[in-house]
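Number of protein chains: 2
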Amino acid sequence: MTEHSLWRFSRAIHLALNDNSTSDLESILDDNIEWTIYGPIDMFGFFGTHRGKPAVLDVVRKIADTIRLVRFDREAVMLGDDTAASLMRYSLTAKDSDQSISVRLAHFAQFKAGRLSNMRVIVDTFDLVEQALGRPIHLPKIA
Amino acid sequence: MTEHSLWRFSRAIHLALNDNSTSDLESILDDNIEWTIYGPIDMFGFFGTHRGKPAVLDVVRKIADTIRLVRFDREAVMLGDDTAASLMRYSLTAKDSDQSISVRLAHFAQFKAGRLSNMRVIVDTFDLVEQALGRPIHLPKIA
Chain A
1 MTEHSLWRFS RAIHLALNDN STSDLESILD DNIEWTIYGP IDMFGFFGTH RGKPAVLDVV
61 RKIADTIRLV RFDREAVMLG DDTAASLMRY SLTAKDSDQS ISVRLAHFAQ FKAGRLSNMR
121 VIVDTFDLVE QALGRPIHLP KIA
Chain B
1001 MTEHSLWRFS RAIHLALNDN STSDLESILD DNIEWTIYGP IDMFGFFGTH RGKPAVLDVV
1061 RKIADTIRLV RFDREAVMLG DDTAASLMRY SLTAKDSDQS ISVRLAHFAQ FKAGRLSNMR
1121 VIVDTFDLVE QALGRPIHLP KIA
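Chains as they are written, first to last, in the numbering used here: chain A, 1 to 143; chain B, 1001 to 1143.
Honestly, the hints are just simulated from the structure, not real lab data. Be careful, since some hints might not be right.
[Unchecked claim] Here are the simulated EDC-like cross-link-like pairs (lysine to aspartate or glutamate), alpha carbons at most 16 Å apart as the crow flies: (1) Lys141(A) with Asp1042(B); (2) Lys1141(B) with Asp82(A); (3) Lys112(A) with Asp65(A); (4) Lys1141(B) with Asp96(A); (5) Lys141(A) with Asp1065(B); (6) Lys141(A) with Glu1130(B); (7) Lys141(A) with Asp1096(B); (8) Lys1141(B) with Asp42(A).
All chains should be built: construct the whole structure from the sequences, respecting the hints.
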């Protein structure tokens, strides 16, 4: 049985994030990839939708410039023929402040001929924003 | 082929949210269900982890008291034997203010003998918080 494309992508993205080495990642991205991380683009320019291999590589380099990956736990994973979804928890360090950040996210990936053609990532963004700010945001109780 | 448990759960949860009718939902929840929606519990008491059928039904009733479901789009779905994950976009109305709210979330569900035993939901919480507040939160540009 062939290895699922998710695992090759997973190794490549973590290599890109930790060692600034994007050649493996480049080879697994479809030319027409569409890549979205939902979140406040005012705070982090790498959020939002990016299309095409150069734009996505640029996004990944920006993330690598901003954070260092400490560890990750894949809390759930679902694999289809050409699809994958994971629930993940990342422990990161902000490079400029050395601050520890823990973030939970879910990704939905689609592959085409073994290459990543679509990636959508949902992040628990309020928790991330508070940690990046280094202080809690006061919220009224609504329910 | 038997219908996947996700679809029965989906009908039951939407019936519970729209019509305050929880009997179908009650029958599809495992007694030892663990249910987590990651998000700021200061603002919405139905966020966080809840265990056991009565606690989960209470959470769903609280959500139903707070919002009215207008529509939802299932943007991605993955089905395993006893598991399911979806990427969803909900259009809601806040019941107290009549305000429209749009929220994107991902859920990972596990079923045991056709009953929901574990549910974890990741929400794009910053976007939700801003909409619930009715005003943007100023964020510094970090990257």
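Right, here's what the structure says about each hint:
1. Lys141(A) with Asp1042(B): Answer holds: Lys141(A) to Asp1042(B) is near 6 Å, not above 16 Å.
2. Lys1141(B) with Asp82(A): Between Lys1141(B) and Asp82(A) the Cα gap is close to 36 Å, so the pair fails against 16 Å, i.e. violated.
3. Lys112(A) with Asp65(A): violated, 29 Å
4. Lys1141(B) with Asp96(A): The given pair, whose Cα atoms are some 13 Å apart, holds under the 16 Å limit.
5. Lys141(A) with Asp1065(B): Holds, at about 14 Å.
6. Lys141(A) with Glu1130(B): OK: Lys141(A) and Glu1130(B) at ~14 Å, within 16 Å.
7. Lys141(A) with Asp1096(B): holds, 13 Å
8. Lys1141(B) with Asp42(A): Given pair Lys1141(B), Asp42(A) holds - Cα atoms ~6 Å apart, limit 16 Å.
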